[in-house]
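Engineer: Read off the chains here:
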Amino acid sequence: MPLPYYVSPEQMMKDKAEYARKGIARGRSIVTLEYRDGILLVAENPSSLLHKVSEIYDRIAFAGVGKYNEFENLRIAGIRHADIKGYSYSRGDVTAKALANAYSQALGNIFTQDIKPFEVEVLVAEVADDNGAKSEIYHILYDGTIEDEHNYAAMGGQADEIRRFLKDHYQNGMSLEESLQLGVRALSVTQNKTLSERDLEVAVLDRSKERRKFRRIPPEALSQLLGTAK
Amino acid sequence: MNDERWLNLFNEYANSSFMEALRRQSPHLLPGAEPRPETPDVAAPHGTTVLAMRYRDGVIMAGDRQATAGYQVASRRIEKIFKADDLSGVGIAGAAGPAMEMAKLFQTELEHYEKVEGDNLSLEGKANKLGQMIRMNLQAAMMGLAVVPIFAGFDEKAGVGRLFKYDITGGRYEEKDYDAQGSGSKDARDSLKKLWRRDMARDEALRCALEALFDAADEDVGTGGPDLVRGIFPTVKTITRSGFGEVAEDEVRRVCESIAGDRTKSERGA
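Heads up: the protein sequence lines correspond to chains E and X, in order. Note that this note's numbering has the first sequence beginning at 1, numbered continuously upward. Note that this note's numbering has the second sequence beginning at 1001, numbered continuously upward.
To be clear, the hints were calculated from the coordinates, so they are not data collected in a lab. Treat the hints with caution; some may be incorrect.
Cross-link-like lysine-lysine pairs, in silico, DSS-like; alpha carbons within 30 Å at most [as the list claims (entries may be wrong)]:
id, chain 1, residue 1, chain 2, residue 2
1, X, 1237, E, 85
2, E, 85, X, 1083
3, E, 85, E, 134
Pair by pair, the computed Cβ-Cβ distance ranges are [to be verified]:
id, chain 1, residue 1, chain 2, residue 2, range
4, X, 1004, E, 69, 36 to 42 Å
5, E, 148, X, 1246, 34 to 40 Å
6, X, 1159, E, 133, 38 to 44 Å
All residues carry an ideal CB built from backbone N, CA and C; glycine is no exception.
The whole structure should be built from the sequences, with the hints applied where relevant.
Structural biologist: Spelled out as structure tokens, the structure:
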């Protein structure tokens, strides 16, 4: 008679975490930086159609790394959450904090209860209005761990190295141009080629915009900002 | 995995409608969800006159500011023309409460679609969606709480402004040149019939729209005219290739004063 197999909970969690981390490490990275007029999101993404960075609500943006279908699902759930909340209360009541907590709950539940954890990390950013309030950046891991980040954040394959680079080079009050160049340099740290505008997906939460602050930066504008325009 | 399960997952995912999400998660927030009284004693505020017309750059929409409940003025400053998205607007007439709710739901629906899909609905698609919302309100409409909006926008593909009118059952009809809706709509339309010309410039179109509202206010008790005492003037919006724009109140005031001046001097019957 075969013995019923036993796996200790510690071992099971360890295996799942390792599985998720491996999946995420295969993907490319994303950096987020606060700059003078808002929040900048830079993703290494060769596709111009399948987005890693997108709009959730007036002041809130989303970014995901790892398995596309999994973070895409989370993105849509986030838009639904935000739109329903804004519709039933008011637009000002939709916050990144509530959304980040919801993501954390969902990912935590999947991690403990499903056989296969999600191989994703997501980021929720909310740009503050001008009245001196702080912008918020939340980073949620595959197991539901949630961290609030200040000034900059990185996630994806080589996040640790990128974070170290940003720690040494980040400055307050950078212009869009400066912060974009820094972001691209940070993403290039772990590779031996320089990234061009074709490898990048860039968007900002621009506080000078009316109501919906999210704005994508198209390749032409990108090469201008990077100083590589011909 | 059986067929039904993956099909459900597919449909659940491939759905970009806010109304569908609302129906699943909070159906009580959908209009028409509550049972309505059999015999309503309706003195609910009604919005009165809105109009839309084509002009050279796109479409122009205008509405008076009064809400009327029975023989009473319910509000003097309500807003009847709403931005639906960057390239379209909706003008509401009929029961003001349900109409504003519908406008808000419609705005959310369009924005939701845009965010989920990363692309805008076609103008045709937007017009159909609004028709479906009106149909949801049919039961309330039969009890005196009808909502009959005008929808207008700039069609990016065709490069022209287009406008649509509706009936209470959600029937959707495209109008070529102009249309008006609400209690003063007949008078506004009569006025537009005489004044409207193809390819008018913005200034002419603005004046034409305000003349029509002037006439509606003149003939219809429910429609509010320019209120020079309180400084309340109709709202006018333009929708062109470059987006949804508001005509500044100062400009509307100047045109209204000029129309009033001309009519005072005029030897016509006002």
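Engineer: Each hint should be assessed against the structure and marked as holding or not.
Structural biologist: The hints, checked one at a time:
1. Between residue 1237 (chain X) and residue 85 (chain E) the alpha-carbon distance is near 29 Å, which keeps this suggested pair within the 30 Å criterion.
2. Proximity of residue 85 (chain E) to residue 1083 (chain X) is assessed by CA-CA distance (about 20 Å); at most 30 Å being required, the pair is judged to hold.
3. Proposed proximity of residue 85 (chain E) and residue 134 (chain E) is supported: the alpha carbons are some 22 Å apart, at most 30 Å.
4. At about 20 Å, the CB distance of residue 1004 (chain X) to residue 69 (chain E) disagrees with the hint of 36 to 42 Å.
5. Hint check: residue 148 (chain E) to residue 1246 (chain X), Cβ distance near 38 Å, so the stated range 34 to 40 Å holds.
6. The hinted range of 38 to 44 Å is satisfied by residue 1159 (chain X) and residue 133 (chain E), whose Cβ atoms lie roughly 43 Å apart.
In summary, the structure is inconsistent with hint 4 from the numbered list given earlier, while agreeing with all the others.
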